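Using the sequences and the hints given, assemble the complete structure.
So you can see what is in the structure, the chains are spelled out below.
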Amino acid sequence: MNAVLELVDVTRLFHVRGAQGAEGRIVRAVDGVSLTVRPGEILGIAGESGSGKSTVAELIVGLQTPTRGRILFEGEDLAGFNRQARKAFHRRAQMVFQDPYESINPQHLVRRWIEEPLLIHGIGTPADRTARVCRALDQAELRPAEIFLHRYPHQLSGGQRQRVAIARAIVLEPAFLVADEPVSMLDVSIRAGILRLLRRLRDEIGLTIVYISHDLSTVRYVADRVAIMYGGKLVEVGGADVVLGSPLHPYTRALLSAVPTLAVGGPRRPRVALLAGAPPPVFSCRFAGRCPQAMAVCRQREPALVEIAPGHAAACFLHSEASIPAGQEVRG
Amino acid sequence: MLLAIEDLVVAYRLRTRPVRAVDGLTLSIEAGQRVGLVGESGCGKTTVARALLGILPTNGSIERGRILLDGRDLTRLSAAEMRAVRWRRIAMVPQSAMNALNPVLRVGDQLVETIRIHEPVGPARARSRAAELFERVGLEPRRLQDYPHQFSGGMRQRATIAMAVALRPQLLIADEPTTALDVLVQDRILTLLEQLCADLGLALLYITHDVPVVAELCDAVGVMYAGKLAEFGPLAEVFSAPAHPYTMGLLQASPKRITDRFELTSIPGAPPNLAAPPHGCRFAARCPFADDRCHALEPELISLNAQHAAACHYAGVAPKMRDAVASGEAWAQLQATMP
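Protein sequence lines correspond, in order, to chains A and B. All letters in the first sequence, in the order written, are residues -14 to 317 by the working numbering. All letters in the second sequence, in the order written, are residues 8 to 346 by the working numbering.
Everything labelled a hint here was simulated from the structure, so no lab data went into it. Hints are all accurate, no fakes.
To give an idea of the chain B side of the interface with chain A (calculated C-beta under 7 Å), a few residues: (1) Ser48; (2) Ala222; (3) Pro262; (4) Ile265; (5) Thr266; (6) Leu271; (7) Thr272.
Computed footprint of chain A on chain B; a stretch qualifies when at least three of its residues, placed anywhere within it, have a C-beta under 8 Å from a C-beta of chain A: (8) 180 to 191; (9) 251 to 258; (10) 274 to 287.
These figures come from a predicted structure and were not determined experimentally. All C-beta atoms in this analysis are idealised placements derived from N, C-alpha and C, irrespective of residue type, glycine included.
Shown next, in the form of structure tokens:
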């Protein structure tokens, strides 16, 4: 399959210690997720806090290892990498974090901060490195690059810091970039600029991007394909136009109906009302307790992610029970 | 008029010199009205809230202006008189519910205490009021026994809302009350605020950087930029026919309908340093329409009609500016000229 990165039935469990002698428990942060990242696409992963989206981000850049399942980078299993292969992988998979204030060392000049990955990987002569740092700054639209080289982080605005973080991430010319909530700390007026930069990097240097956010409107703006997560599971995957334009899963619909928009006038839009149900039993649909359309089957079995229309998959018995025989699962 | 802020100037003493975080703000709220106050971080919106409640940090002070609540100037009240206004007349729902609740006290006890400090009621009566308040904000009264950490983020915010309305204030100030919450939880909190305002006849000052939330919740909107009011008016009018280029930019930077593809524009540059504010219009450096006049002369608020005003020399030709913004050209050209 033509994929930069592929998650095959990946599960990541965390053992949470109980408080004051209480028994610990296992949290299924990511549970049986299969997902393909195609070359040159921007894949948006959206969900609420606790949905597992940030764990997915950490898994795919190798900051976490799966408890079960495989993660393939250009067809090779990350788990099988030796030290050298791992280092090569880290060069090609980069990450940009949420907080541009915490992810940059305040005592380092911009130049040193961006150059560091090149030094770690032993790349280039000093002159080469300066040229590459300038090119990365220029690609991150910090122009003219020369004036940003000798600035400290406190001399930069929030948007400029996030651009510096992006420049550092792309200076190694990675194959793909994971951006975890890269604009949620930024002011509204500059968010669009960062999001457009991500799209431009995809268009101009062919960067594959996994964009992770709780904010469906930024996902809508930036992503080609969208994966919606709930309770550690993928509930819906497909093109951004179809998933966010004609969603199939009741959870996606509820999320979309709750996003505030600029449509002014009249009463607030009708919402998809969710139930305040108890968490469902294991091996049923995770969303069954809150789903306004839950059926008996939803509490008995777990719906698989199946392709409902070409390129549009959902894990919901409302759509799959009638049309797809059991066992014919399709990967997202 | 419930609340009238007139020419309010709030300054913070910093090491080097005073910084005017709010610089000449005039704004009014009618009884039962829901007003959104939007702007970027650092524009002064939280300082406005703190000044209204008389809880400015020790290095902050009101330098000028009046805050009239039912005609009484709050800036002239003593600390003791102001305590009688806080909670009972004006209450606040803060950004972080965790900061508003004491982690080592049961939520119910905190609510009862809030009631009993301000009103001469017995413990049993206060407790039954607390139970009523919990039901009103969608919490089960049995959860009064719980500690804050036993609540989810949304429940904590409901509890702080219960506390804020406990003494039946006339004005509720909500400062980014949903920033830390997921979208589904945010949605329910907004619905709750809307209901409370309607049921209790509360006026609301909703402070946020999130323009779409204001679009859904408020009747009127004030847009702040660098300590000043850029535009004020009825929501539908400001959002459909903005007269200040900053408002136009904010609207272009916010998603319209998520189900369709949309374009977003960003406003290049950053707000000015308030320790050394520029001459003329504070938005001029980021404004695609700014000319020599804007850089030299500070614009006054210009009334477009009885309710709608904007602080822009060119508010009178707003339709032309709106056309240029809508075409997407305005900021793209400015961007090209900026470092």
